[in-house]
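In order, the protein sequence lines correspond to chains Y and X. Residue 987 in this note's numbering is what sits at position 65 of the first sequence, and the numbering runs on without skipping anything. Residue 531 in this note's numbering is what sits at position 339 of the second sequence, and the numbering runs on without skipping anything.
Bear in mind the hints are in silico, worked out from the structure with no lab data behind them. Just so you know, even glycine gets a beta-carbon here, dropped at the ideal spot from N, CA and C. Among the hints, erroneous ones may be present.
No more than 27 Å apart at the CA atoms, straight line, and that leaves these computed lysine-lysine pairs for DSS-like [said to hold, decoys possible]:
1) X/Lys253 with X/Lys225
2) X/Lys253 with Y/Lys962
3) Y/Lys1062 with Y/Lys1089
4) X/Lys225 with Y/Lys972
5) X/Lys225 with Y/Lys963
6) Y/Lys1022 with Y/Lys1089
7) Y/Lys972 with Y/Lys962
8) Y/Lys935 with X/Lys512
9) Y/Lys957 with X/Lys225
10) Y/Lys961 with X/Lys253
Beyond 10 Å from chain Y on every Cβ pair, some chain X residues (computed) [as the list claims (entries may be wrong)]:
11) Ile226
12) Ala251
13) Lys253
14) Ile261
15) Leu282
16) Ser295
17) Leu370
18) Gly432
19) Phe454
20) Phe485
21) Leu520
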Amino acid sequence: MQLSNRTKKIEPKPLNFWERMYLPVIFQGLNITIKHLFKKKATIRYPEVKRELSPVFRGLHILKRDAQGRERCTACGLCALACPAEAISMLSAERTKEEKHLYREEKYAAVYEVNMLRCIFCGLCEEACPKAAIYLQKDKFAPAFFGREEVIYGKDRLVESVTNRAKVGLDQ
Amino acid sequence: MELTSLIVRGLVIFTVFAVTLLIATYSTLAERKIAGFLQDRLGPDRAGPFGILQPLADAVKLFFKEEFIPSHANKWLFIVGPSLAMLTALMSSAVIPFGNEFSIDGQLIPVQGITVNIGLLYIFGVVSLGVYGLMIGGWASNNKFSLLGAIRAASQNISYELAMGMSIIAVLMLAGSLDLRQIVIDQQDNVWNVVRQPLGCVIFITCAFAECNRTPFDLPECEQELVGGYHTEYGSMKLGLYLFSEYINMFVSSAVIATLYFGGYDVPYLSTLGLDKNIETIIGIVALFGKIFFFIFFFMWVRWTLPRFRYDQLMNLGWKSLIPLAILNLILTGGGILAWEHFTK
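This is chain Y alone, in the form it adopts within the complex (with noise of 0.2 Å):
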């Protein structure tokens, strides 16, 4: 008893005399794959060819600088809330009178730490950001790490260099 009487029965069809060679469909197999041997290959050798990666891509943040070269970052602390994996970590300082060509605001980090063993690079740091100081760069990736001491990046390897700055965001 069927439930719609719909089932199709299916008999292998047996193979005719020239399928039990084999030979025939084995050529054919073989002429596919010698096509694949000149093909252009799919492969991008990584460390000496990089991809151009698409220009939203969530890489290795930066801290940013203003047009004058003063840090942007306040130490308000709202990227810290807003990372899900929690971590960024920063301790704020009051800015004094010779130090204003460094920072922008009376506040600023004096430690700004990220754990990139913790970080999902989610890019909410990113969208949290009132002063757009935090980014993450499109074309620079977090590292593989070597040991646990390398895992925490702190201003001196977050801040953006004054000479060479760096294009972020949507702005490029």
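We have chain Y; now place chain X onto it with these hints.
Just chain X now, with coordinates in the frame of chain Y:
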């Protein structure tokens, strides 16, 4: 005089041995490169330019791995297995004529490890010994998967050896000799055996695939069903020897296919050019190696084209197709020879 000829003989044997090992070494790289290219990849290219040093890196890695023997395995047989596989693989290239003779100072030096008049029989015997390495290794591992792999290897070799033997007998009938050099000379005088024996050639190549345990007949290893087959329990250089012996077998099989069916070191119409004999010999050696490389490539090409046979299909093909076809080929060859003699004399 006696000593010089001995030294020359030793040199020839040493060269054949070294060339066999060298080609087998680079077959491992070629296999991975060709696999890559056929799948639109590049294959290994990190060690040296184009990955030239990859085989060395592989060997170093295998040598430095832990030499591990499972506690439940039979220790001695476990070691004997891969050694035997390697030994038998290396023995068979001794009798293959890699070229005609060099004549230096009026002395004729054949480019062949040992000149015997039963070369074909020798190869056949050594090749069938090759399965002992697999059998012993798989059995000594004391592991169900290994044992299954070993049993498969044994039954597969037995099934395909019959068809292989019978396809060789047809070649024997044409040449009238078991000497491989004589078979090549016979092909030089007439035409290549692939023209006179197309069916036998197809049967022999198929059986050679099965004897080398290459895809589509790689059931003894068969990762998907048997973990690693007979070498499941093997690691380090013992595994390396098993894999390496497979490549040597492939080289020897290619050489035998080229010798038996594709004229060996023969280049058609070369003798009509009237070149120096030594130069002719060198061209012959190059030609033979060209043929061998083509067949090694063919082995790899087929590997990355065809899926593996099911076990019952393997047995059906061996016993129900290849053996009857080989017998038919034998009868046809016999009839053909009789008819040829009747009508031409």
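Outcome of the hint check:
{"no.": "1", "hint": "X/Lys253 with X/Lys225", "in the structure": "19 Å, holds"}
{"no.": "2", "hint": "X/Lys253 with Y/Lys962", "in the structure": "32 Å, violated"}
{"no.": "3", "hint": "Y/Lys1062 with Y/Lys1089", "in the structure": "11 Å, holds"}
{"no.": "4", "hint": "X/Lys225 with Y/Lys972", "in the structure": "22 Å, holds"}
{"no.": "5", "hint": "X/Lys225 with Y/Lys963", "in the structure": "12 Å, holds"}
{"no.": "6", "hint": "Y/Lys1022 with Y/Lys1089", "in the structure": "24 Å, holds"}
{"no.": "7", "hint": "Y/Lys972 with Y/Lys962", "in the structure": "17 Å, holds"}
{"no.": "8", "hint": "Y/Lys935 with X/Lys512", "in the structure": "20 Å, holds"}
{"no.": "9", "hint": "Y/Lys957 with X/Lys225", "in the structure": "15 Å, holds"}
{"no.": "10", "hint": "Y/Lys961 with X/Lys253", "in the structure": "32 Å, violated"}
{"no.": "11", "hint": "Ile226", "in the structure": "8 Å, violated"}
{"no.": "12", "hint": "Ala251", "in the structure": "25 Å, holds"}
{"no.": "13", "hint": "Lys253", "in the structure": "21 Å, holds"}
{"no.": "14", "hint": "Ile261", "in the structure": "34 Å, holds"}
{"no.": "15", "hint": "Leu282", "in the structure": "30 Å, holds"}
{"no.": "16", "hint": "Ser295", "in the structure": "41 Å, holds"}
{"no.": "17", "hint": "Leu370", "in the structure": "29 Å, holds"}
{"no.": "18", "hint": "Gly432", "in the structure": "27 Å, holds"}
{"no.": "19", "hint": "Phe454", "in the structure": "18 Å, holds"}
{"no.": "20", "hint": "Phe485", "in the structure": "15 Å, holds"}
{"no.": "21", "hint": "Leu520", "in the structure": "14 Å, holds"}
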